[in-house]
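Given only the sequences and the hints, what does the whole structure look like? Please build it.
Chain by chain, the residues:
There are 2 protein chains.
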Amino acid sequence: MNARPAALARLGVLGGMGPLATADFLVKLIQATPAASDQEHMPVIVHNVPQVPDRSAAFLAGSDAPWPHLLDGLRTLEAAGCSAIAIPCNTAHVWHRRLAQETALPVLHIGEAALRALAYRYPEARRVGVLATAATLKARIYHEQLSARGIEAIEPGDDLQTTHVAAGIAAVKAGRIDEARAWLSHAATHLIARGADALLLACTEIPVALSGVALNAVDPTEALARACVDWWLAARSESAQLETQT
Amino acid sequence: MNARPAALARLGVLGGMGPLATADFLVKLIQATPAASDQEHMPVIVHNVPQVPDRSAAFLAGSDAPWPHLLDGLRTLEAAGCSAIAIPCNTAHVWHRRLAQETALPVLHIGEAALRALAYRYPEARRVGVLATAATLKARIYHEQLSARGIEAIEPGDDLQTTHVAAGIAAVKAGRIDEARAWLSHAATHLIARGADALLLACTEIPVALSGVALNAVDPTEALARACVDWWLAARSESAQLETQT
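The listed protein sequences derive, respectively, from chains A and B. Under the working numbering, the very last position in the first sequence is 246; numbers go up by exactly one each time. Under the working numbering, the very last position in the second sequence is 1246; numbers go up by exactly one each time.
What the hints contain is simulated information worked out from the structure, not anything from laboratory work. Nothing here was measured: the structure is a model prediction, and the numbers come from that model. Even for Gly, the Cβ is constructed at its ideal location relative to N, Cα and C. Honestly, I wouldn't trust all of these hints.
Covered stretches of chain B, as calculated for chain A (at least 3 residues, CB under 8 Å) [claimed, not checked]:
(1) 1041-1048
(2) 1077-1084
(3) 1154-1165
(4) 1171-1178
(5) 1237-1244
Set out below in structure tokens:
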């Protein structure tokens, strides 16, 4: 392939929410890419700027505080020559539609990628436990599509959401992974005991902590990474065909 | 602290050499940052574009092929508002001086950071094994400074360099971490048997594979991450003082 590197499609990652989740996404992107050398990997620009105000707190308070930060990140990635955008933060998808309207670039959706993975890996699942921030649950980022597929979403109750899920997510953001694993494993076990036949780890901090814990679980971070690789391989192949024709 | 996020100093990472080494650097940056929430972490823009031609092969062939790619990455990071540059690739430091001359931003040097860590952690070391690409060895990126400190550099011979060190680095770039660990552990053991009282893991792929292997070793990726955190904490504190004064 003689495509000049500058001509290769670049992925823009609107990240930093949180930074460890963004690093986890990059590793999953690399693992999902068929490549035997550096040069065969995907070019990626990462806007890893974690000063975006807490997405869950803002949404629950009816605040739009994250928006100017998200828009600034989008503009930086456009200016850096990116051809598609991925956001490794489930809660930030509250603002997905507005971001998509602000740009001509495709903005991949983590929830759609995760639900495709769920349908592929657990086609028989009828009750799916959703581990996520309170805002992701309240904004029904996953619920509508689960419901459209005839799947019941099982949530932790308000108490467990605060004492275990939110506490576990905050612990990952503070770098206390072992503590996070204890909180989140307990919440996962609770959802399974209530009849969940699969789980969605629908906050990008959660798979960081539950990596290696045996669960019937879909990791939306990994699903988004695979969707990005699919996008990139198609874009690269299109660009190679165009070069051959000219 | 009332500093607007946009006013915070941003680190620019000239990465992708290789992509997994860049992700490893980001994780070490996060681990080295004192932060209890997303917002307390360092803002970072990552130019993770792995199409830069192989640095070691180019240097050994007398080719300047990586240069336009490095310069393009530098310009992208400048345009994205970065205030300092870090390059998580030892061999790319062959071009460090030229990059530093092209920009008004400080370009942190991985070798200087690693030698400070060596002096701090192994002050008695007199013979240091250097695991690196053939170009890093030939360009004497570490040798001059080791020699200035009265430390002898021990290199693998040409054979072992090819069969074990280069093979191990290539295996990391292809995602075959277990295979890389076997090759690189053997090379490390060989240098210790020849009298090395400490090792420099002086190619950013090497610590990815040797993570968790018990060795008296300095990880330049981690040393560069700590140097970046020191730079950022100082820049943040200066900016906060300026805000107080105005």
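Do the hints match the structure? See the list:
1. Coverage of the stretch 1041-1048 of chain B by chain A holds [criterion: at least 3 residues with CB-CB distance below 8 Å; count 8].
2. Judged by the Cβ-Cβ criterion of 8 Å, the stretch 1077-1084 of chain B is covered by chain A as claimed, because 3 of its residues qualify and three suffice.
3. As drawn, the stretch 1154-1165 of chain B meets chain A at 0 residues by the rule of a beta-carbon pair under 8 Å; below three, the given contact is violated.
4. With 3 residues bearing a CB less than 8 Å from a CB of chain A, the stretch 1171-1178 of chain B meets the requirement of three and the coverage assertion stands.
5. Counting residues of the stretch 1237-1244 of chain B whose CB lies closer than 8 Å to any CB of chain A gives 0, so the stated coverage by that chain is violated, three being the minimum.
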